[in-house]
Every structure is written in structure tokens, then in C-alpha cells.
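A.B. asks: Those protein sequences? They're chains A and B, same order as listed.
Residues in the first sequence are numbered from 18 upward in steps of one, following the numbering used here.
Residues in the second sequence are numbered from 18 upward in steps of one, following the numbering used here.
Treat the hints with caution; some may be incorrect.
Chain copies aren't distinguished; within one or between two, either way the pair holds.
DSBU-like mimics (lysine-lysine), calculated; alpha carbons at most 35 Å apart, straight line [stated by the list, open to error]:
(1) K81 x K321
(2) K377 x K422
(3) K266 x K445
(4) K266 x K81
It should be emphasised that the hints constitute simulated quantities derived from the structure, not laboratory data.
Number of protein chains: 2
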Amino acid sequence: MRENTDLKGKRVISGLKGNCIVAQSGGPTAVINQSLCGVIQEAQRHEEIEEIYGARNGILGLLKEELIDLRKEKSSTIDSLRTTPGAALGSCRYRLMSWSESSKDFEKIIEICKRYNLRYFLYIGGNDSMDTANKVDEAAKRMNYQMEVIGIPKTVDNDLVFTGHCPGFGSAAKYLAISVMEAGRHLESLYDSEAVIILETLGRNTGWLAGSCALAKRSEEDAPHLIYFPEIPFSLNKFIKDVGEVYHKIGGVFIVVSEGLRDEEGNYVCARKDRVSTDAFGHPELEGISNYLKEVIESQLKLKTRTIKPDICQQSAMHFASKVDLEEAYLVGREAVKSALGGKSGYMITIIREKGRVYKRRTSRAKLSLVANMEKRVPRGWINREGNFVTRKFIEYVRPLIQGKVDIDVQMGLPYYSRLEKRKILAKK
Amino acid sequence: MRENTDLKGKRVISGLKGNCIVAQSGGPTAVINQSLCGVIQEAQRHEEIEEIYGARNGILGLLKEELIDLRKEKSSTIDSLRTTPGAALGSCRYRLMSWSESSKDFEKIIEICKRYNLRYFLYIGGNDSMDTANKVDEAAKRMNYQMEVIGIPKTVDNDLVFTGHCPGFGSAAKYLAISVMEAGRHLESLYDSEAVIILETLGRNTGWLAGSCALAKRSEEDAPHLIYFPEIPFSLNKFIKDVGEVYHKIGGVFIVVSEGLRDEEGNYVCARKDRVSTDAFGHPELEGISNYLKEVIESQLKLKTRTIKPDICQQSAMHFASKVDLEEAYLVGREAVKSALGGKSGYMITIIREKGRVYKRRTSRAKLSLVANMEKRVPRGWINREGNFVTRKFIEYVRPLIQGKVDIDVQMGLPYYSRLEKRKILAKK
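Let's have the full structure, built from the sequences with the hints guiding it.
C.D. replies: What follows is the structure, encoded as C-alpha cells:
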């Protein structure tokens, strides 16, 4: 039995001595390894935690018994991961069935947790991953296995509920803003011959990333000129009208579209129907919204149009990441370990923004069961009346999240991104 | 009459006193404004040069008599352009007919040159633009109008002949390399669910940019794994075989393709036939090579594939530009003014790389008539035997060109890119 201190500084009792497991799940972000390092470095400070294991490729690593001994890594390696994009442990998009559908996976997971005496289960991911963490928590309780399960928020989509924002989002927003700013300058040089650019951002159901591109704009002529959100039903006629109006006013048009635009009936404007293209969570693959809109503009407005698709570059651009984002990703990793030690199983760490002009935040917790599979959309009042740009409120929300420069170790013109050195999977028990 | 010093320090006589005109043409680069600043700041040092004009949108600015008085700009504005992407004067893709086709444009241009007493004509651009500069030079000679015409190399494509490399290329190469490096880390986290990435670079006839992505690779598992060049006839069967082999060896495949891949008959694999899509120089618009290859991989290999298309971001990414590139872009701008004053009309400034291990360069000159419309391709020996990656020679060539960090003025998380302040077109004479 030992005493710990909870988030509010209250001392709590946690008697659990055992091993810790950490895993990364879903699409990586530039800062997902910050959270991993936060977990590892905080876990090293507590004597209740004996071994620190990493699961390869999220929950799959537990199902396949593919664990890595993270205490074997040099502390300099762990530190260098802090500015390395991609998920250092590997990630997955595996969906656990519910207990009532099949308890097979859960029995396997809990059996392995027992075998390795895993008592602290830290899971870094987005809303699908919080569903996984929640199900593991419920399974452990159902099977009377004492294990503290804590979720660590991570998603460029910024769509997790109960948290003010999500680690990963600020860096992606910053990268998209600089991309729009720079490509906008390029475009305006050539309005006479290439009048329109469409940049397609991630965001299948929410327009947080698309809206963040507005940070690039400081004057009317600056890109972007139009932004389209999944939250606002997309009308092709209105779109053509918008583009034509901006063109006549400015001479060129920089458009940002979220990949997941939906029509009035709520159907994706561009969803593929073939089999290869549905992921494990049943999300259809969205493709070609920018190419589709390019065709429309070229045929209807006769304006030459180019498309930019940064795709996973917006999830991995450590070279222009946000320092605030990095720090927060590390913070939620550390807080997750503290919460686990405080016996707060079944929660995700959240970031709460204090009111006021100066940006201040604190961490808190939300129940995994309430976070799992839910989505936070951009409030209607943060999108303009026309539905084609953000309001000042959106900008005030996002600007603090892109602040601060991250120093990365650049040698010979390019960074040295690291990898875990002892990546060998442990021999099965 | 005054004495000047030529490139080799020899004193030469140039009696021409008059005004200078500078213009930017073709696709901008991150560093095209460096060359502009080089021209302006060097021109300010010489008393033979009275007014310094900028033409709006390349040669179109002369044809339409749209000139800007660059002496009216504050020196701090000119300085701030040095780290601003896009063409500050505006660019164009206008093709001058040959004199035998029609002398109309030339008569107009020379008439305006006379009216404004333009005696130094500096034209920043790629091979199409050198064709323009060459034709203007020939027209001036034909019409007995004394004007020194000098071309300033600029192209991310790096395909100008007689120069070791082209300003703009190093920064684009560096940006693509970091993008591949970061996206590669992302991809390897998710090999289980998203096995293949195709990144599409610019380069319709040459693989300089595609090949530069190899800088991202330091070990076998690092991206990129395969690179395809316009210089090597593209075989779909060979491609499928290559991708399958890398997948079985590594578990995932990061592919870089140049937009302009051609089949065995020399036809573009993906050329659009519709009218909107041919530019003024008759180049067909190339589109969708990455999307096309994604379809092929998904249908034939059943591997989920994503595409990245940085498009004009690779031409404008000042935030991760190469310092060597910036310095050289400035240098060729200055040298162009010196050459013009030395009476060397009809030349383009070139960058000659000295032999030896340490990177050293000097400037020289090549005749515009020999540079115009020509293309330098990647030597066969710089591409591996399989035709799907570069050799060490390519890396040795490109690595020095991406060196050095550029400090940009970042405020509130994003740079302040500037514009010319006195952009007002002069009243017509």
C-alpha cells in the first residue's frame, strides 16, 4: 500500500503493484510519441509500476502477445522519440466486438494481462480507440481482474468529446495553415493562368482541420477564400456561385474542403463503394472530393484548377509542429499514469481550457464510456452564416493551439528521427 | 561611358545609361523573390541604372504596359521579400510566337522598351521563360534597339541545361524529402491496415524532384522504397512486381512517382485530353498518375493504398527551404545585373559546381538560344539498373543543395510573408 496524490493534489490510496502496458492506436499524429514518452517517463517515477511494456500495434499487440520491454530502451532513445512522428510502437485499426457479440477477444486479452501481471493499461488514441479502451475496462471488471484502464486523447481530427481539444490537432492545424499561406502566395502569382486551388484536408465528419486553414488569412486577398465543412450540407450550386463570386472579386480562388463533405441527405459527396475501401470500423473510404470539385469548376466555370492533397503529411509534419501541442501531448501521457495509480479506471484524460484572454489549460477526466465513438463537431456559430468560412470565435479557439516553435535536431539538412532500439518482441510466456 | 568589372574581374566598357526592367515568369518557387531582390539590390548600386521597373506577370506586363516603380518600395519591404514565396511581381505562362509567325508582340514590346528607355532586361524563369528572353533579345537586335537581355535561372524541375542546378530546386527537394521522411514514419506505424503510400511529385519530363525524395532514406526500412522516373519507360507489370516484392520484404511500400511517367512508346501514362487542360506552351495537363496507380495496386495486389499530392506546396514551402538555394537564387540575380552592365546580352546566368568533396560553386553564363526549350534529364547512371531508385551519384549531387536552415520571421505561430507595398501600376506613357 502506498500513498499517491490525485490530480487535485488530494492523497489517495492505491495498493496495486504490478506492470504497466502502453499502446498506440488509430492514425498517428506528429505528437503521439510525446504521449508515449510522457507515460514511460512518469511510470519510471513510481515504484508501484514494475515493468513497463509496450504493445506492438495497439490492442493487436495484446491479442498476439507481442510485447516490448520499454525499460530496456536507453533514456536518450526515449527522449529522442519526443520529436519523432509516427507511432513508435506501431498502431492499428482493429475493432473489438462488444462482449455480447463475442467475448473471445476479451478472454484472450485479460488472460494475457494476468500472465504478464498488467495492472495499468494506458491506451493512446481517438474515439475508436477509446471504444477499445472502454471495452477492455468493462471486460476486466466483468472478469474480476483488477486493472486500471486510462485513455490518452490523440487525434488530428479534434473530435473527441469532453476535452477542450485533442493533442495532435494543433500541429496538424499549424501545418495546414502554413501550407495554405505559402501555396496561396504561389497561386496569386499565377491568377491569369491557374485561377483556382482546392486543398483537401482530413476530417470525415468534422471541419476542425479545414477551418484551421483560416489562420493563414490576414487580409481579404490572402488565402483561403472559401472553406467547406462536413457540418454544413454541401450544395453544388451554392459552391459554384461562391467560387464565381470570389473569382470576379479577387481574380483567383483558394478553396479548402474537408474530405467528408455531405449532401443535404447526409450522404458523403464522394464515398467509394468497393470492398478494399472500408476500414475495420466500417467507415467508408472517402476519395476524390477535391478532384471531383476540380472537374465541376473546370467544366462549369472554365477556370483551370489544381488540387493539393497533403493526406498523412498533415498528421506527421513534426518539422513545423506546435510547441503547445507537443507539451500537452506529453502532459496527458503523464497524467494518465497518475490517474491510473490513483485508481481511476475507465477514464480518458481531458484538457480543459480556462476562460480568459490568456491561454491557460488544466487536465481533467471524462468517462471512457461517454467518450467512446462520440464526435464533437464545429459549433454552428463558429462557421459563418454562408457556411463557407469560419467566424472569429473559431480563430480565437485555434490560434493558441498552434503556438511555439519546436526545435528538432537537423543534421545535413534533414532531421534525425529515431526508432525504439530494442524492438524485439518478448518471448511468449 | 563607365568602366565595369565582368564576372572574371576583367574591366569592360559599357556606355549604356538607362532603365532596368525585371520580371518573373513560369511557376514560382520558394526562392524566386530572392533573385528579384538580388536584381533590385544590385541594380541600386550602379549609376548606369536609373529607374528600376518591375513588369507585372512576366512578359505580359510589358505587352500590357503594366509596370511598377520598384525604387518606390522601402528597402525593408524588398528585404522581407527574400523569405516570401510566390512571385512578388506576379508571373505568367504566356508564349511569344516566333518572329516569323508574327512580329506583332515584338514590335509592341520594343516600342514600350523604347518609350521607357529600358536598357537592361532581366528575366527570371525556366526553359519556357528563357525562350521568351531569347526572343526578346533577338527582336531587340533585329530592330536595332540596344538592350541587354539576361536570363536568371529558376525552376524546381532542375531541368535547365548548361547550369549545374537551378535555384528553386534545392528547396523543393528538401521539402519533398522531409515530407517523405515524416509520412514514411506514419505509414510504417500502420502497415497492417494501410500498406502503401504513393507520393506524386512535379516533374513532367524529368525525375529530379522524384529522385530527391531518396534523401529521406537512411536505412532499408526507411521510406521511400521505390521511385519512378519519366526518364525510364514505365511498365505496369514491372511496377506491380516491384511493389509486391517490397511488400513481402518490408510489410509496406512507400512509392514516389513523378507526375510525368511515360510508357514504352513515350506517351504520358496519364494525360488529359480536354481543352481546359493544355497550357500556353502546349504542354498537356498531367493528372492522376498517383490515383491511377492506387487503383491498380488495390485491384491487383489488394493492398489499401493512399496518395499524397503536395502539388504547389513543393514549389512554395519557404518554411523549410534550403539556405544554399536561397543564397544562390540571390547570387544569380546579382550576377545577372553585372552581366547586363557588362554588355553580355543574350545569356542566362549559370551555376557551375566545382569538382571535389566540399561543395563549391561559381557562376558563369550560357547562351539563351542554347538554353531555351531544352531539358536536362537525370543521367541514366544516376538511376539504378532496375529503374526504380537513385544511385549514390544522385545523392551526392543533391545533398549539398538542401543544406542550411532559413530563419523566417514567425509571429503568433505563423510567418509574416510580405508583398510589394507600392503595387500600383504606373500611369501609361
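A.B. asks: All the hints need checking, so say for each whether the structure fits it.
C.D. replies: Taking the hints in turn, this is what the structure says about them:
1. When the C-alpha separation of K81 and K321 is checked against a cutoff of 35 Å, the pair qualifies only between copies, where the shortest distance is 22 Å, while the shortest distance within a copy is 51 Å.
2. Taking CA atoms no more than 35 Å apart as the test, K377 paired with K422 passes in both settings, with 18 Å inside one copy and 32 Å between copies.
3. Taking the shortest alpha-carbon separations for K266 and K445, only the inter-copy value of 24 Å comes in at or below 35 Å, while the best intra-copy value is 67 Å.
4. For a Cα distance limit of 35 Å, the shortest separation of K266 from K81 across copies, 21 Å, qualifies, whereas the shortest one inside one copy, 59 Å, does not.
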